[in-house]
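Work out the full structure, taking the sequences as your base and the hints as a guide.
Sequence lines, in order, name chains A and B. Mind the numbering: the first sequence is residues 79 to 413 in the numbering used here, read in order. Mind the numbering: the second sequence is residues 79 to 413 in the numbering used here, read in order.
It is possible that part of the hints are untrue.
The list treats identical chains as interchangeable, and a pair is accepted whether it falls inside one copy or across any two copies.
Simulated crosslink set (DMTMM-like; lysine to aspartate or glutamate; CA at most 25 Å straight-line) [said to hold, decoys possible]:
no.	residue 1	residue 2
1	81	175
2	81	300
3	232	106
4	232	220
5	125	272
6	81	176
7	81	149
8	81	323
9	81	303
10	125	140
Think of the hints as simulated: they come from the structure by calculation, not from any bench. Just so it is clear, the structure is predicted and the values come from calculations on it, not from any experiment.
Letter by letter, the chains look like this.
Number of protein chains: 2
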Amino acid sequence: MRKGDVIVLEHLPAAVAYAAGGGRRELDGPLGSAFDIAERDTRFGQKTWEMAESELARRTLETAFGKVPHDIGTPDVVFAGDLQCQCTASGYAMRSEDVPFAGLYGACSTMAESAALAACLVDGGFAACAAAMASSHFCAAERQFRTPLGYGAKRTPTAQWTVTGAGAVVLASGRGPRVRAVQFGRVRDLGVFDASNMGAAMAPAAAETLVRYFDATGETPDAFDAVYTGDLGAVGSNLLGSLLELEGVRLQNHRDCGLEIYGRTAPGSGASGAGCSAAVLCGHILPMLARGEMRRVLFLATGALMSQTTSLQGESIPGVAHLVEFCSEEAMACS
Amino acid sequence: MRKGDVIVLEHLPAAVAYAAGGGRRELDGPLGSAFDIAERDTRFGQKTWEMAESELARRTLETAFGKVPHDIGTPDVVFAGDLQCQCTASGYAMRSEDVPFAGLYGACSTMAESAALAACLVDGGFAACAAAMASSHFCAAERQFRTPLGYGAKRTPTAQWTVTGAGAVVLASGRGPRVRAVQFGRVRDLGVFDASNMGAAMAPAAAETLVRYFDATGETPDAFDAVYTGDLGAVGSNLLGSLLELEGVRLQNHRDCGLEIYGRTAPGSGASGAGCSAAVLCGHILPMLARGEMRRVLFLATGALMSQTTSLQGESIPGVAHLVEFCSEEAMACS
Numbered sequence: 079m080r081k082g083d084v085i086v087l088e089h090l091p092a093a094v095a096y097a098a099g100g101g102r103r104e105l106d107g108p109l110g111s112a113f114d115i116a117e118r119d120t121r122f123g124q125k126t127w128e129m130a131e132s133e134l135a136r137r138t139l140e141t142a143f144g145k146v147p148h149d150i151g152t153p154d155v156v157f158a159g160d161l162q163c164q165c166t167a168s169g170y171a172m173r174s175e176d177v178p179f180a181g182l183y184g185a186c187s188t189m190a191e192s193a194a195l196a197a198c199l200v201d202g203g204f205a206a207c208a209a210a211m212a213s214s215h216f217c218a219a220e221r222q223f224r225t226p227l228g229y230g231a232k233r234t235p236t237a238q239w240t241v242t243g244a245g246a247v248v249l250a251s252g253r254g255p256r257v258r259a260v261q262f263g264r265v266r267d268l269g270v271f272d273a274s275n276m277g278a279a280m281a282p283a284a285a286e287t288l289v290r291y292f293d294a295t296g297e298t299p300d301a302f303d304a305v306y307t308g309d310l311g312a313v314g315s316n317l318l319g320s321l322l323e324l325e326g327v328r329l330q331n332h333r334d335c336g337l338e339i340y341g342r343t344a345p346g347s348g349a350s351g352a353g354c355s356a357a358v359l360c361g362h363i364l365p366m367l368a369r370g371e372m373r374r375v376l377f378l379a380t381g382a383l384m385s386q387t388t389s390l391q392g393e394s395i396p397g398v399a400h401l402v403e404f405c406s407e408e409a410m411a412c413s
Numbered sequence: 079m080r081k082g083d084v085i086v087l088e089h090l091p092a093a094v095a096y097a098a099g100g101g102r103r104e105l106d107g108p109l110g111s112a113f114d115i116a117e118r119d120t121r122f123g124q125k126t127w128e129m130a131e132s133e134l135a136r137r138t139l140e141t142a143f144g145k146v147p148h149d150i151g152t153p154d155v156v157f158a159g160d161l162q163c164q165c166t167a168s169g170y171a172m173r174s175e176d177v178p179f180a181g182l183y184g185a186c187s188t189m190a191e192s193a194a195l196a197a198c199l200v201d202g203g204f205a206a207c208a209a210a211m212a213s214s215h216f217c218a219a220e221r222q223f224r225t226p227l228g229y230g231a232k233r234t235p236t237a238q239w240t241v242t243g244a245g246a247v248v249l250a251s252g253r254g255p256r257v258r259a260v261q262f263g264r265v266r267d268l269g270v271f272d273a274s275n276m277g278a279a280m281a282p283a284a285a286e287t288l289v290r291y292f293d294a295t296g297e298t299p300d301a302f303d304a305v306y307t308g309d310l311g312a313v314g315s316n317l318l319g320s321l322l323e324l325e326g327v328r329l330q331n332h333r334d335c336g337l338e339i340y341g342r343t344a345p346g347s348g349a350s351g352a353g354c355s356a357a358v359l360c361g362h363i364l365p366m367l368a369r370g371e372m373r374r375v376l377f378l379a380t381g382a383l384m385s386q387t388t389s390l391q392g393e394s395i396p397g398v399a400h401l402v403e404f405c406s407e408e409a410m411a412c413s
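In structure tokens:
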């Protein structure tokens, strides 16, 4: 059923398995214990940063697959994406998986986009079981979007640190936290030109998606234990608060994956990257929902849709934010 | 209903509107009259090749939107992708459309991927109306994947010419050619390393998807007026024939969008690009189905999932092929 932009699901697919992978900096952060893949070699045994990310994605996906209850079987489709040009981290990871694959590009919004599509396909009976994944790697992303690390470029205070991480979730009919609703975001561009301030570029899209969600559903922010944004960081989170206030929405229980993953050790404005919200979702949020420590959560991953080329060409940065509403099994039973 | 990897749709969403856009070379080809956007300025009024593609995509999408019958209304979601790094042609095109947007990366397989997802969302009632789009631009693609045009690099005989083109289709309940089934492909990599021979890199994925389709459905190739592949070109089409022969499948009615779009004027091995199969689908195949000149068609778009970075790093090229089965309204009535 649709309510405005919100797709309310009928069968509430369950997150029957999930896994998170991270690199050294992520393991040393406050969510360190959340990671299934705890590898201190940032190259993950590979020759290049790009293949390192691909290997991390592959291992994370296989770890999630390994947790799927036996009666559910192999996923019918995997939705995945990453930040590399031509999404090669995901494409190359899928070489070793004999499973249908649909590649996505949503920048740092990918985890919500992939989970939303997987949820729709399972809910509609198009797949008995579908997986969603997103990944990023600091060293690969720096040279994709800014400069190779070897250049030693200075970082500005608004810059965010791309997470070396991945998250994968498998949705099916079964036990686990449920997906109640999903919402695809609209592209918003308020004229931010600074590729080192992506929080500012993405905040308008996040505000737009949230306002539309609350308007369409009649829900209020206090119905949720937490409203997680993907990776707005400190700058973007402040802007989101201001933008929502203009719309009369007060978000008391806002958390940002980009501020949670490194905690006080965060460089600059916090963390970012498609793997940031993916790892926090699969390593932290879903386990809390499974343990009943939270009952209802909005998960809103935000993406900045520029490239190095468009930045060099002087274009502004469009943003998008997709939303997935999760609830615990207990909360589903009461609703 | 699933049959193997094939998702058989229940309500058979209709292609209620579609449009194709092309550049000068495309207009001069044998399908020249198929294009709704007939612009001879390859820059489409923009300063850069990247923004030229974005403008072409935007105009093509808006032309398709303009053809949607009034009782159907605005699409609830647009699925779109392109070949540019970080899919900026689509992302920037969507800045001016106030419609939810889910970005895809499937390389040249994007049109089948986007149409498949749009079809599932409409069939499942998650969207009353959904659009699918893909685009490419020769000049933008050359510098993304090989070298900037100004370098004057020589082309090999196996190289394909990236189409400057776009196609957009709007699916909904209504009148028009129907989507009967969709199938997401599996990634296949048989160790082709030559980025100037993408037909060879993609043929194994195309063969795999087709064999799985025929096995799962019990259909035979002669049940179709045509089996269209996206852009295998001459080299890839020959390889597809050989690979299918090994599996006991004879494809008498195979056509390749990469050979149709330029006809005898094709440079090298034929055409390629996400916009190739998109423009041929929306400007040629769907109109033929609508006029009853064909009754059943398999549309199989093929993608090579490498990047310039992975090519320079010495990686082989993974391929993927997604499938969409279309039929005319008359064929649907008889089935």
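Hint-by-hint comparison with the structure:
In this assembly of identical chains, residue 81 and residue 175 lie within 25 Å of each other by CA distance solely across copies; the values are 20 Å between and 36 Å within a copy. Taking CA atoms no more than 25 Å apart as the test, residue 81 paired with residue 300 passes inside one copy only; the shortest distance there is 20 Å, against 44 Å between copies. Proximity of residue 232 and residue 106 under a CA criterion of 25 Å is satisfied intra-copy only: 23 Å inside one chain copy versus 50 Å between copies. Proximity of residue 232 and residue 220 under a CA criterion of 25 Å is satisfied intra-copy only: 12 Å inside one chain copy versus 32 Å between copies.
Taking the shortest Cα distances, residue 125 and residue 272 sit within 25 Å of each other only across copies (20 Å), while inside one copy they are farther apart (31 Å). Only between protomers do residue 81 and residue 176 lie at most 25 Å apart by alpha-carbon distance; the minimum there is 17 Å, versus 36 Å within a single protomer. For the homomeric pair residue 81 and residue 149, the shortest alpha-carbon distance between copies (19 Å) is at most 25 Å, but the shortest distance inside one copy (34 Å) is not. Taking the closest pair of Cα atoms, residue 81 and residue 323 come within 25 Å of each other only inside a single copy of the chain (23 Å); across copies the shortest separation is 50 Å, beyond that limit.
In this assembly of identical chains, the alpha carbons of residue 81 and residue 303 lie at most 25 Å apart only when taken from the same copy (22 Å versus 40 Å across copies). For a Cα distance limit of 25 Å, the shortest separation of residue 125 from residue 140 inside one copy, 21 Å, qualifies, whereas the shortest one across copies, 45 Å, does not.
Checked against the numbered hints listed earlier, the structure breaks none of them; every hint is satisfied.
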